[in-house]
Structure formats: C-alpha cells, structure tokens
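Visitor: Chains as they are written, first to last, in our numbering: chain X, 1 to 251; chain F, 1 to 294.
Mixed in with the good hints there might be a few duds.
[To be verified] Short derived list, chain X residues pointing at chain F, Cβ under 10 Å:
1. Asp4
2. Asp8
3. Ser13
4. Tyr63
5. Arg64
6. Gly77
7. Val80
8. Val88
9. Leu122
10. Gly125
11. Met126
12. Asn127
[To be verified] Simulated restraints on C-beta separations:
13. X:Val38 x F:Ser64: 49 to 55 Å
14. F:Pro18 x X:Glu78: 51 to 57 Å
15. F:Ile53 x X:Ser13: 56 to 62 Å
16. X:Ser13 x F:Asp248: 31 to 37 Å
17. F:Leu15 x X:Gly23: 48 to 54 Å
18. X:Asp81 x F:Asn142: 41 to 47 Å
19. F:Gly40 x X:Asp81: 47 to 53 Å
Derived by calculation from the structure, the hints in this document are not laboratory data. Beta carbons: idealized from backbone N, C-alpha and C, even for Gly.
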Amino acid sequence: MRRDPVLDVRRLSKSFILHAVSGREVVAFNDVSFNITVGEHVALAGMSGAGKSSLLKCIYRTYRPNEGEVWLQIHAGEYVDMCALSDVEIAAIRSHEIGYVSQFLRSEPRRGALDIVVKSALQRGMNHDDAHDAAKLALQRVGIEPRLWDVYASVLSGGEKQRVNLAAGTVHPPRLLLLDEPLSALDPENRALALDLISSLSHRGVAVVSIFHDLEAIQRLASRVLVMEKGRLIAERNPQELDERLAAAAR
Amino acid sequence: MTTASTDRRFTVARLSVPAWMLKVEGLGKVYGPHDDRIVGSTGPEAGTAKSPINGSVVAAWNVSFAVAAGEALGIVGESGSGKSTVLRCLAGDTSSTTGSATIRLADGDVSLLDADAAKRRRLRIDTVSVVYQDPAEGLKLNVTAGGNIAEPLTAAGWRNFGKIRARASDLLSRTEVPLNRMDDLVRAFSGGMRQRVQIAKALANSPSVVLFDEPTTGLDASVAAGVLDLIRSLLEEHRIAAVVVSHDFSVIEMLTQRCLVMQHGRVVESALTDQLLEDPHHPYTQRLVAAARA
C-alpha cells in the first residue's frame, strides 16, 4: 500500500491578469499535479520562467491559484485543501506546518538575526525559553556567529541573510519545507553546512519541495526530480540520471 | 506519470483558528440623503464616492471584517478611500449610517455603534483606544505628558496619586519617552515624542482594541521608523486586536498579516498582506502596489 502523502497537489493552475497592460493574461503554470510523502525530497528543475517559483508560491499561497487543490496533511490521516481555506486559516497553517525559505531574506526592517529566528520559533508554538534556545542552535547550525545575532539582518551580507533565512525556516522542523534557491549566495563551507541541515531534516521526516540551480545539490538531496517546461510538468527523473544541461539551464 | 495525484478523497481536518475580538459587519457611512439607487451610483465602478444623482457622499459602504486578539488588520487606500471613516465610526468620533461592530469581552459582547454617548465615552476609556495621525487629536498639548496619561486612568477610577504616577512612568518608559520629560508640556515635545506619548496614553487602561490612524504619517523617516518599531513590539507583547489604517504599504507590510483595500468607499480586495503585495488582483490594488514598489 502506498504511504499517505504529506502534500498532494492536484491540477493546480496559476495565471496573472495585468490590468496595467490592458488586462493581459500571463500564465505561470498549468494543470500541475504531484504528491510527496514523509521524508521525501522533490526537486523542481527546468529553465527559468518554467513556473517553478510560482508553483512554490502557490503551495504557500502567497500566490492565489486560479484552479486546483493543494492538500496538506496536518494530522495523521487528516488533510486541509490550502485552496479552500480562509486567510486566517492559511496564516495558522503557515505558522504551524510550513517552512518557506526563499532566495532572498525578506527581512523585516530593523530586526536582529536572533529576533527573526526567535519569532519564527514562537509562531511554531514554542514557549519563550525554548524558542530562544532553539533559535540560537539554529543559527549556530548554519554558521552564524553570536556576534551577528543582534545585528539588523538588513545589513548582513547576502550569504549571511540566506543562512538566517534558512535558520528561521528550520528552527522547528516543519511538516513541509519549501526551498527556493536557498543556497545561491553561500560559499563552499557554509553551503556544506546548509546541505547537511536540509539532509538531516529529510531524515527526520520533513517533506521538501525545492528549487536548486546546481546539479550537485539536487543529486545530494533529492529523491525525485520533476521537470517543468513552459508552465507544465513534463517529466519525472531519477536525480542521478538528471541531465547536466537541464539542471544548468535553470541558472 | 507516476507522480500524478491519486483520486482518493482525504478526510478534511477541522482547524481551530483564533476567535475574533472585534467584528464589523456591513458598516456604512453616508453624508446626505440616500437610498439604494444613490448608494449604487457610487463606488469603484462609478469612479466616485459622491453620488452624481444628489451629491450625497457614500464615504464607506458594506465594510465587514473580524480581528482576533493578538492580530493586526490593515486597511489601505488613497486619501478619500474611506479607510479613516471606518476607523472614526469604530472610535465613535462620527456616527455610522448602518452596520454593526461588536467587541467580544470575557464578560460578554459589547455593541460599539449603537451605544449611547455615555457608554461610548466609557468604552473609549478602557476598551477601545485610538492613535491618531495628529497627536493634537489624541492629546491635550497644554498638559504634561504625565497629566495626559493620568486622564484615562482617573476616568477609569484611579484615585491614588502615587499609583497613577507609577503607572504613567511605566507606560512612558515602555514607549521610550525619557522619564525626565514626564512633567513637561506635550506642546514642548517633538512630533515623534508626541506620538509616543499618545501611544502610552492609548495603552493606559490595557484596551482590548487599538485603532491606529496613519500613526507615522508626517514624521521624518528615521522618527517614523522608531515609532513603527515601537508599535510592532507592543502588538507582539500585548493581546490586542489592532486595526491599522495607512496609505503606506510599507507600514501595512510591517505591522499586519491581513489587509483590506478600499477605494471610493468600498472594500475592493481583502487578502493576506503578502498576497496583496505579490499577487494583487484588483486593478486598484495593482496600481497601489506598483506605486509602492517603484
């Protein structure tokens, strides 16, 4: 028998209506279906503009899909359709169940690195003391030294911001982790730390959907690769058989 | 493809979400005579809040939302969109034409809009506070900072001078007003400092609901940043249901999780704040976001 999916995306479609350009419709992606089980890591591959980031944003509901269903398991055997929830319900699901780490830290202005990660831990329901301990641990895990903890995240380097972002998204293992180029600004040493972190989360059962621009990260971490082209899911590949050209094209 | 989803049906989980503390239903405010036809002659499609039929102004119509304790809801729009009208109706500064607003307190529901004048004053003392754009609206400029904060406290029945002083200095230190300014007239304060005193006064009786009307508009950028940070930390510390009215998306983005967009007296879109910024649907929201991102 198949294991229950953590995430089941069904016939999801997204397009934008640009009113400033006389209502032109821009299709992000069309009729995408896939599912993913506990501890599985699915990487999305394809050229830039194929719809990968839009798909992640639709699952997180930063983008509002036009059609389709996004079923997320929140208890054993119980699911919610993210597309059928109210705003308040989505906010609750996000803070309890989903980690979203994008390429750029959209840090709130004038907030320190530790504060950002603590806030994320508090949202996951940890108490004040546990949240602080977990946040410090999470920052250490990605190599952010204590001397940077009270520095406003907005003045950190690109690589440091990315690591703070990763720490905030993983401070308490979420049920589903969405990664959009989380390693793009990291040097080799910190990249290795981040790869270890993501891999350890998979071992702990976190389901991951990711976008990486390099083949090495995909082959190290992913259990399956879904290939997107022009807004459609066109193929599924074994990561080890993935075409170098295809992965590179996403750059 | 093997990854295609199954057609199995899932058991739908029951979600628990925070219960509302402030609920507004069908709020409307019209200046001048009106009926369905006159209201229908205004709004985003008509491109005006002023009826071409009889000149009545439909400042706000059919505005509904709910806010939980510990949550901040934004209302964004250009000046004249009706956002401040909504807030002023809730504050009791102006009467509403139609609709209801309810505050759910531990000892029962309180109806805001149909309360008589005495009841409204009472609610403004200990249940609903307002932070106005212009501190002169919320404070008496010819009274000291401490005296301004003492006013809602004495109105709520505080009599002991020492305790009032202690409470006032506690509030001022929480809003980062130097305590050696406590006995200075508010008139002698800078704009940013006045706003901090106004916020301290608004918190005096630990209200359930705080309404912010353009709380940082008109302040220098660095001063506005300090006041915004203060509001953000207060909202995180207190279990307040907050409504933040602003024309400035950066204020809304920083303080709120959900947001309504108003144009010509109507709500044209309502969504999570990150959705409005990244995937705005209504033409007016798209214009606002494009302007803010420029």
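Visitor: Now tell me if each hint is right for this structure.
Guide: Hint check:
1. Asp4: 9 Å, holds
2. Asp8: At about 5 Å, which falls below the 10 Å cut-off, the nearest Cβ of chain F leaves the hint on Asp8 (chain X) intact, so it holds.
3. Ser13: Because about 14 Å separates Ser13 (chain X) from the closest Cβ in chain F, which is outside the 10 Å limit, the hint is violated.
4. Tyr63: 5 Å, holds
5. Arg64: 6 Å, holds
6. Gly77: 6 Å, holds
7. Val80: 5 Å, holds
8. Val88: 5 Å, holds
9. Leu122: Check passed: Cβ of Leu122 (chain X) comes within 9 Å of chain F, closer than 10 Å.
10. Gly125: Where the cut-off is 10 Å and the nearest Cβ of chain F is about 12 Å from Gly125 (chain X), the hint is violated.
11. Met126: 15 Å, violated
12. Asn127: Because about 15 Å separates Asn127 (chain X) from the closest Cβ in chain F, which is outside the 10 Å limit, the hint is violated.
13. X:Val38 x F:Ser64: 49 to 55 Å: 40 Å, violated
14. F:Pro18 x X:Glu78: 51 to 57 Å: 20 Å, violated
15. F:Ile53 x X:Ser13: 56 to 62 Å: 42 Å, violated
16. X:Ser13 x F:Asp248: 31 to 37 Å: 34 Å, holds
17. F:Leu15 x X:Gly23: 48 to 54 Å: Cβ of Leu15 (chain F) to Cβ of Gly23 (chain X): about 35 Å, so the range 48 to 54 Å is violated.
18. X:Asp81 x F:Asn142: 41 to 47 Å: Violated, since Asp81 (chain X) and Asn142 (chain F) (Cβ atoms, about 59 Å apart) do not stay within the stated range.
19. F:Gly40 x X:Asp81: 47 to 53 Å: Given range 47 to 53 Å: violated, Cβ gap about 36 Å.
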